[in-house]
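Input sequences plus hints: build the corresponding full structure.
Protein chains: 4
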Amino acid sequence: METFTQLESEVRSYCRNWPVMFNEARGSYVYDDSGRPYLDFFAGAGSLNYGHNNPELKTKLIDYLVNDSIVHSLDAFSVAKRDFLKTFGEVVLAPRNLDYKVQFPGPAGNNAVEAALKLARKYTGRETVISFTNGFHGMTLGALAVTGNSMKRGGAGVPLGHTATMPFDNYMDGQTPDFLWLRSLLEDSGSGLDKPAAVIVETVQGEGGINVASKGWLRGLSALCEEYGILLIVDDIQMGCGRTGPFFSFEEAGITPDIVTLSKSISGYGLPMALTLFKRELDVWEPGEHNGTFRGFNPAFVTGTAALNTYWRDEVFCKETLAKGDMVGDRLAAIAAEYPEAGAHTRGRGLARGLAFAQEGAAKAVAAAAFERGLLLETSGPEDEVAKLLPALTTSVPDLEKGLDIIDESVRAAVKVPLAV
Amino acid sequence: METFTQLESEVRSYCRNWPVMFNEARGSYVYDDSGRPYLDFFAGAGSLNYGHNNPELKTKLIDYLVNDSIVHSLDAFSVAKRDFLKTFGEVVLAPRNLDYKVQFPGPAGNNAVEAALKLARKYTGRETVISFTNGFHGMTLGALAVTGNSMKRGGAGVPLGHTATMPFDNYMDGQTPDFLWLRSLLEDSGSGLDKPAAVIVETVQGEGGINVASKGWLRGLSALCEEYGILLIVDDIQMGCGRTGPFFSFEEAGITPDIVTLSKSISGYGLPMALTLFKRELDVWEPGEHNGTFRGFNPAFVTGTAALNTYWRDEVFCKETLAKGDMVGDRLAAIAAEYPEAGAHTRGRGLARGLAFAQEGAAKAVAAAAFERGLLLETSGPEDEVAKLLPALTTSVPDLEKGLDIIDESVRAAVKVPLAV
Amino acid sequence: METFTQLESEVRSYCRNWPVMFNEARGSYVYDDSGRPYLDFFAGAGSLNYGHNNPELKTKLIDYLVNDSIVHSLDAFSVAKRDFLKTFGEVVLAPRNLDYKVQFPGPAGNNAVEAALKLARKYTGRETVISFTNGFHGMTLGALAVTGNSMKRGGAGVPLGHTATMPFDNYMDGQTPDFLWLRSLLEDSGSGLDKPAAVIVETVQGEGGINVASKGWLRGLSALCEEYGILLIVDDIQMGCGRTGPFFSFEEAGITPDIVTLSKSISGYGLPMALTLFKRELDVWEPGEHNGTFRGFNPAFVTGTAALNTYWRDEVFCKETLAKGDMVGDRLAAIAAEYPEAGAHTRGRGLARGLAFAQEGAAKAVAAAAFERGLLLETSGPEDEVAKLLPALTTSVPDLEKGLDIIDESVRAAVKVPLAV
Amino acid sequence: METFTQLESEVRSYCRNWPVMFNEARGSYVYDDSGRPYLDFFAGAGSLNYGHNNPELKTKLIDYLVNDSIVHSLDAFSVAKRDFLKTFGEVVLAPRNLDYKVQFPGPAGNNAVEAALKLARKYTGRETVISFTNGFHGMTLGALAVTGNSMKRGGAGVPLGHTATMPFDNYMDGQTPDFLWLRSLLEDSGSGLDKPAAVIVETVQGEGGINVASKGWLRGLSALCEEYGILLIVDDIQMGCGRTGPFFSFEEAGITPDIVTLSKSISGYGLPMALTLFKRELDVWEPGEHNGTFRGFNPAFVTGTAALNTYWRDEVFCKETLAKGDMVGDRLAAIAAEYPEAGAHTRGRGLARGLAFAQEGAAKAVAAAAFERGLLLETSGPEDEVAKLLPALTTSVPDLEKGLDIIDESVRAAVKVPLAV
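Residue numbers (our numbering), protein chains in the order written: chain V, 69 to 489; chain E, 69 to 489; chain R, 69 to 489; chain U, 69 to 489.
These are calculated hints, taken from the structure and not from any lab test.
Hints may contain errors.
Identical copies go unnamed one by one, so any copy, or any two together, can satisfy a pair.
Okay, derived cross-link-like pairs now, DSBU-like style, lysine-lysine, Cα gap no bigger than 35 Å in a straight line [as the list claims (entries may be wrong)]: (1) K432 <-> K154; (2) K126 <-> K154; (3) K169 <-> K263; (4) K169 <-> K126; (5) K484 <-> K387; (6) K432 <-> K470; (7) K220 <-> K169; (8) K470 <-> K387; (9) K263 <-> K283; (10) K347 <-> K432.
See the structure below:
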């Protein structure tokens, strides 16, 4: 590990909590260089919804590479890109009546977000974008300006602007009606809020602490945007591709965003890929006005196509995720119920779940105890107050139960409960 | 192709000049879906310095995937990442006495640039970054602010700030001494230039038109930065990894930048990967202060390691590139000499070469004629006035000659020469 | 008047509602060029708290000018400036235990605001300043960025930044606890609000519609600022100098702002003058770091000194203003009570009073009707929904009653009341 | 003076060099509280072109005040404002064929500059404004962003943007053709300079060190602006109102700026007043889109009208200024010629003159020596390297000679000349 301490920047992060050397990975397990398995409830921060090295996708990927098919083609036409686009249209867009154009903005989620913000501003001719408390959208300057985390914002080195932060659903504990503040600002020409180009929102804030927006809130937000001529951007980078059950996390609410960002699990295999989707009439880009070297990474199109064909041609996968999600939610609720003194409670939708603690440090201690027991579990939220479960959607029920057993034990071991009087 | 026109955003670009469907690729050739070969003097905009599907790298990549080695690991430790770091240290850094820390800022060049800018601003506590006329550094807001192209800047939708543009080497045709303007501004406390955090520069501006900075100019810039306590960032995304001969394009000038960005050919196989390198003392990042989903894409580390081992353990590859570059340069100069009326002239270093025309539209016509003849050739420069040659460094001499023959023919066919009187 | 339409910019405004040529002015009356008197309930937008051409001040001013005393002295020492400073210290600061340093930032309120914002940012090293819905602080870029009015913001021509807007007292009709939103943002490191340098607030928003902050709200804001290390700036440009009774409008709440801005009535005679006051420890200015040509306009110091000596050496003036204010408030309330169908209601403190209407256009119609009847009355609020009373504090009770009679008549004439069913 | 040290902010500046208490002032002399006269070659930084308490203007001013004419009327119509506008049209605009609209933007120069910048951005829909090295335009955020001085810029506390700095005439000592850099940036779509809304320039930079733009340079700048559709703003706040001879300093060059700012001497008596003038077609302001409390300060209109009537109805005043300017210039040149070792040289036009020294500290020492000898003389330039002469234009020739004698003596006393070898 000396190689890392000697050569890698101090910015490295996950390796500090999991100080082992990962080597192999299959399905819901990763293995370190000694062969020790770890059950993975982290799934590449949501990039591995179909598990590590999913065999259906792997076959296609290796065939593609073995045949010397083209790997890197920028935005030239390629067979693999055509197949992906066609499949995405047939399997994802058409059945949902989404008349979206597809942009390949670069390989990473932040590229999708930056393209979305640029397009929204260009289309509307306005600058301000509304983001929400504890939103997370990426580390490049445009994306960082709509991200809430103060430590990450501080890294910018310049003031971040052209944005306004608004309360996410239930942010103020139900003490105010939904959108009272935002609506007041929009209605009042003296409010100081310049008319926004767009709103950018996650339906479930993953990095922000598994904060779930209710269907009603999302519908209200969508209606408000429509009323005021503001574009609605759903950042579905972490919660899309089935994480909450349906392909898009916003489907349940019955809304149609103007712009949608996808990345993480869209390639299905951990290969860098991102998409920005938008309503046809928003496609006011000039050719080449936004570009990027890795926007045509064909192996990702190949595995992405395979993932769509394998999991999204019918409803089965979605239903399984919802069922698994309910099971995980119930089990977490039962665990939480035993720790009222630690302020334990649960959050989540589908297979994006959180076990939150009011007690300082509890979630981090639980994650550390879980790691010792062979379970990868991340924390999230502004104070790392939530143990975050993002298992691969393909995780078997027994493996989910096994992971939950470890969590149960870890909470027992890690959370200090005051003695009853 | 209807799939594309129906579903893909109008932002698509390269496919407009090369309206065929690429399918396979080997070495310096790509093949469309009818099997027609194209000699590739574009190389993924410099991302394929070792050719398409390089067999040395391919073997390692397929082995890695077949064995279910871990693909996606963020910034956790992995065997593949360790091997890459170790090899990079041994093969690249140590022999050049570069005491750099390595940051994995995300998969794309813009991530490397954004991280470089953030770090420079954080380290110095200043905001202004100096960039150069016709510089190109990426499409995310931070990177776009140091990019010169007005069409691309216009896509931002917000004013781009915290930067100042300065003349690149020879920008004003030798009518002013080097750095007269920049030095005047720095010396004069009333100049209106806020003290800069950093300068960001390409040694050869690829997108900007194959504009070559001389060794003397680069040394002067480095000295000026040192004199005024300004960090020097060399963006070596397109010109690094051997494009100009040596691994880093700045080696020839004998300078040591404070920060260096790499991407494009660093994985060697067209796999998305990027690095930000900086002097050890600049490593003031907090853990996790800059992050990103695809910053631990192991297949890219595997091919990157293989590329370093294959090409960079001795001087042979560098020397071959220089020799090929001289050959290409000479041949282009001979072609250019025949078209003084079209203002033809050549530019370049190593295997980054340009055939520039004063005559409007000539370079685009040449590229179109070359495509008809089976050669992929991009144009660059603010008015697309340069036919740009970025062949894979592994291109054989006969293939280079073949491509140059096509260029010769294409110029003959495309450039209108006034009749001699 | 052709001179104006021919030569003056379309930006002119008040003259559109009062299309007469003013010529003379005494006390609470102005006279047009035909000698017609107008009772002035506008008082130079609060700049003439002691009436037009107040004789006590006039004597001193004319003596000063007749004697060829120095008029313009920048920030050199002058006898008039010394006398003002000394008197201000004795009459205003010392009795209120305010250990403030005094800056002369330029002749206008916006200079005082700009200096306050610059100092707060310099002192704290932070950029964000919190302003409030419907706040008004001036038209220069720094002041405009903390001003709410969208039409005026739109005039900037560049995005306005480094600010965040928060709800003023009672903005959301009591549906949320005070400061719930602001406190939530400050407490939450993931909120997206960068730690503010300062808060800038008016205790009564004059331009914003005579919105009164309660004592409790102001105390809460002050406490919140102290808790989080944020500077509290009270912009007392319109409400200071006795407009609400006491010299400073914040005295009643028992708070001590870190920074206070004064202008408008500080010279007492309509002469341009402004002050920025701040706690001694905040005085981190470098000599000359903020300057301005008209920051040493001695005639304004002379009348300012005279005003302090005449009105502020005891409590009488304050008490009279409060009594007059109560009288005006009661009378307005009685008027409002007759127009529930027009949503009439009253607002205000001291002699800053508003008669607000829910019925669209009512306030403007009232002001127009009042003008016809010889009363100058401005409207304010984002939709001009408030008839705004800012009579000179020296207005006699009979004149106040006369004005209120005109208002009564004007409402009767102008406000359309639906027939009772 | 304890009053000042105790109560006034450390930002105070001029009083540090002239630690006496000024009291009276007549013509070209000011008197301290002991009655000691000082010959004033500073003239309120150019605000007192007609001398202190000019008797022609004084009579009108006192009459106006004695008669209880209206002092403060915002932008309502007033007789005094009409008279000013009418006179300004007849005496200034019409004879020069300037079809300008007049805006009263507030009492200070920075108000005029802020209004000019806002209007230029609004009219063009662009953000960037080009300013020049060592330009000075004011301390409010918009004006400060086009000001060069780094100490003053540092006071902003936020990054200053939407601007680009360009070399003033002769900035790089004749080593480059005029406008080579600016023209290159404008011509090149890849330059990184966003298309500017406007250029703001002083014809002679007063604060910047009495740097004179040649007629040719100004004409070139005007032509360049016209060629590229960029608005030309001449900031004539310090150099207008006859300082260089003609009423506007740009007349000599035969150019017609799109926008002109005036302040300082426009009232003629040191009363705060400012104007923004612009071509009729630029008058796209909405009523009230820019406003300000002291934009209708009638006493300033009265003295301003009197000044125009007294000095500008014929050519005499202009010619006298030019003659005096030549005399002062010749005499300074003779002084400078004696101190080649101190790098002494002269600068200036009309009665804006500078005696510059390469030797560090020399100019400040000269100013200090002059003060001891009863002459007020400011220094300017980024390093205070210029003793700056801005005598009232009404200063008699004997008084000019007296001042120059003092300067001669002061140089002799203060400038250390190395012994001849």
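**Asked** Which of the listed hints are broken here?
**Response** Per hint list: single violation, 5.
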